[in-house]
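Trainee: Once you have looked at the hints, place chain B on chain A.
For the record, the sequence lines run as chains A and B. Counting from 1, one number per residue, gives the positions in the first sequence under my numbering. Counting from 1, one number per residue, gives the positions in the second sequence under my numbering.
Accuracy of the hints is not assured; some may be wrong.
The list treats identical chains as one, so a pair stands whether inside a single copy or across any two.
[What the hints assert, rightly or not] Think about it this way: if two alpha-carbon atoms lie no more than 30 Å apart in a straight line, the pair counts; the simulated DSS-like pairs of lysine-lysine are:
#1 K10 - K199
#2 K124 - K366
#3 K199 - K76
In case anyone wonders, no lab produced these hints; they're calculated from the structure. Given the structure is predicted, the values throughout are model-derived calculations rather than measurements.
Protein chains: 2
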Amino acid sequence: MQQSSAAESKPRVVIIGGGFAGIAAALALAGSGARIVILDSNNHHCFQPLLYQVATAALAAPEVAWPIRHVVRRQKNATVLMLTVEGVDTARKVVKTQECEIGYDFLVVATGATHSYFGHDWAKLAPGLKSISDAALIRRRLLLAFERAEVSGDPIERERLLTIVIVGGGPTGVELAGAIAELARRTLPPEFRRADPRKTHIILLEAGPRILASFPERLSDYARNSLERNGVDVRTDIPVDQVFEDRIIAGEMEIPAGVILWAAGVRASPAANWLGVEGDQSGRIAVDGDLTVPGFPDVYVIGDLARLIGPDGTQVPALAASAKQMGKYAGRAIRLRLKGSSPQKPFRYRDYGSLATIGRNSAIVKLGRLELTGFPGWLFWSVVHIYFLVNLRSRIFVAMSWIATYLTSNRGARIITR
Amino acid sequence: MQQSSAAESKPRVVIIGGGFAGIAAALALAGSGARIVILDSNNHHCFQPLLYQVATAALAAPEVAWPIRHVVRRQKNATVLMLTVEGVDTARKVVKTQECEIGYDFLVVATGATHSYFGHDWAKLAPGLKSISDAALIRRRLLLAFERAEVSGDPIERERLLTIVIVGGGPTGVELAGAIAELARRTLPPEFRRADPRKTHIILLEAGPRILASFPERLSDYARNSLERNGVDVRTDIPVDQVFEDRIIAGEMEIPAGVILWAAGVRASPAANWLGVEGDQSGRIAVDGDLTVPGFPDVYVIGDLARLIGPDGTQVPALAASAKQMGKYAGRAIRLRLKGSSPQKPFRYRDYGSLATIGRNSAIVKLGRLELTGFPGWLFWSVVHIYFLVNLRSRIFVAMSWIATYLTSNRGARIITR
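Just chain A, same shape as in the assembly (with noise of 0.2 Å):
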């Protein structure tokens, strides 16, 4: 990299990622004196959290994803480069790009995690949704299954068309399900002529005994009625067995479906590898206290790519609040390190609560003692993600386009593109 000789002498921090972790790292070292280089292969930010309302197309992808470099346009010290990571070389101190190798004093790593179908080939055949090109992906599976559907003069391929089949039970799945029936029956019915979007069946298939297994029994329970209720056929102890283009085997059952989505399992991106260390069996890669990687004391991991047993001795689990302590935590390890100060206590994990939607006027909330459900639960999930969208503009636009779908039931990105 070209540096102008005054800048050469500061420390120079490089950030590989600009997702939650990554970002809020970069926000904490914000007028530290540091050089920042954000490192991504993407040039977005994504709010991964909506990124089922973009696959079910109640958002636009511009509506959850921004520029890293708007993200941190007001932070002079911050650079955003839009490269693809290779390796590094802990020796020598440098990340090596295709492009150029850019050297670093301090290196936080947040590259996050992907989609595991533990072994299986399943990645075309079964999309997952981490990223706006996977949203886009889903979206476009399920807009050409009721396009087809509405097509075909053949009642069993008909029927085909109209099953999807989300498998996962977590939040994800939860969320993919509870849209995709909002979109069959309250969306698309009056758009159709030959086809009915009602009779879509939705399958959710989870291997374990309940679906949202984070979640107290209680909210799972309701999570599963409140589903039911909206058409969705909710099926729990079923592993899936293989997955084919056109259907898909669990449970000895053998299910043709028009599209089959993947939310069952993450495993963390490869930067393991590229540090020299042995990953867990998630690819995550363990770290003490202070987020570094042992025996390497100037490289932070962060957010889901991370696994660390909190000083309560739970895992610190893989979320985009623990991310987001995770990246502010090592930003100001490094700020004091950089001054001279005292280290910071070990990572504390604070747990604020959790939540997911379902549909519809219903969503699940726990916040520590409290739990709510349906509208009350819904609203506050509303507030909550409108709460933590990036800028004003963002807000603005994402609860102008939930009032118009809650009023019209029509979704506003409805469009098949290559």
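Mentor: Below, chain B alone, put in the same frame as chain A:
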């Protein structure tokens, strides 16, 4: 196609193409007693006059495109099928698609126009702007050029990346040049640290003696001055000789360029082959005054695909307004024939005026003898375009996007997708 026996007896009108012309024809046949079938290879109707704003990241694609079936949702006699037409058998009166054949009593062909490279193979090197996919591709190339300039340490390469050449000084070329100037000079500068987007060299090449040649000379001079004030390098009388991936040769100059865009020529879609008639040199099909094809009294050809000399001896221009008027005329003509009424007078294009925007606070408008420029023209242009959007939701969202962009100079849709 499967038909219920009650519907079987009703005459069927097949409309190929869900653009301005096709939609207008369908709407004019509402309540006519005919069955309407609209065929399109895309699921959406696109408001082409604002596509350049999607290409330059001011608007998200769903703000200017809506499912065709949504546009005609209230028209219970209209069925929309997403199918790619492969031919027409006029003897048997069927439209052929890969999936099925569809019989018609009346056929309306409204498949529009595509880019013309005058026989050269430049489509991938210099994309044109006719569809949502085109707009997404152009947006990707523009935003990537700035991203790469920020990464590059080589000043010559950086200068090449920040040279953007637009070929063709018609309304699309002018609108693209003006919007790219805004993007480069107002939106991006606060977000870049190494490259300076203000230094972007935007070149508008026109082979003829002046830009916007369809407007009076005074307005086209105004547009040129306005573009030049915004930093666009307007060069007239410069024909393009050769296009390469990283440079363009025009008027004996070789211009290294990061992005090359094509707004220089259109040709009609290849529908003349379907009917077995001879197209004109742009591929358009000559129609009679009633918009039917000579020798095919049940086949209407409308919109950009039609070539028609009006009663006043001038050729009907290829515009959104003429496409809509032709669609309405053809729909009514079929309606009258179904009722056995006497036919309408020959089609006559009503010129309500023409307008083109140049950039922030600047547009040219010609309405009969009234000519507007500058801020009044720009305000008029904005109001007219909001008015013609398909529904209230789109009007509100586009208006709000414009207000946000006007106030903050941010452009809300700067996402690079694959």
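Trainee: One pair to classify: K10 and K199, alpha carbons no more than 30 Å apart. Within, between, both, or neither?
Mentor: between (63 Å within a copy, 28 Å between copies)
Trainee: At most 30 Å between alpha carbons: which applies to K124 and K366, within, between, both or neither?
Mentor: neither (35 Å within a copy, 52 Å between copies)
Trainee: If the cut is 30 Å between Cα atoms, do K199 and K76 qualify within a copy, between copies, both or neither?
Mentor: Between copies, since 20 Å is at most 30 Å while 55 Å is not.
Against the hints set out earlier in the document, a violation occurs for number 2 only.
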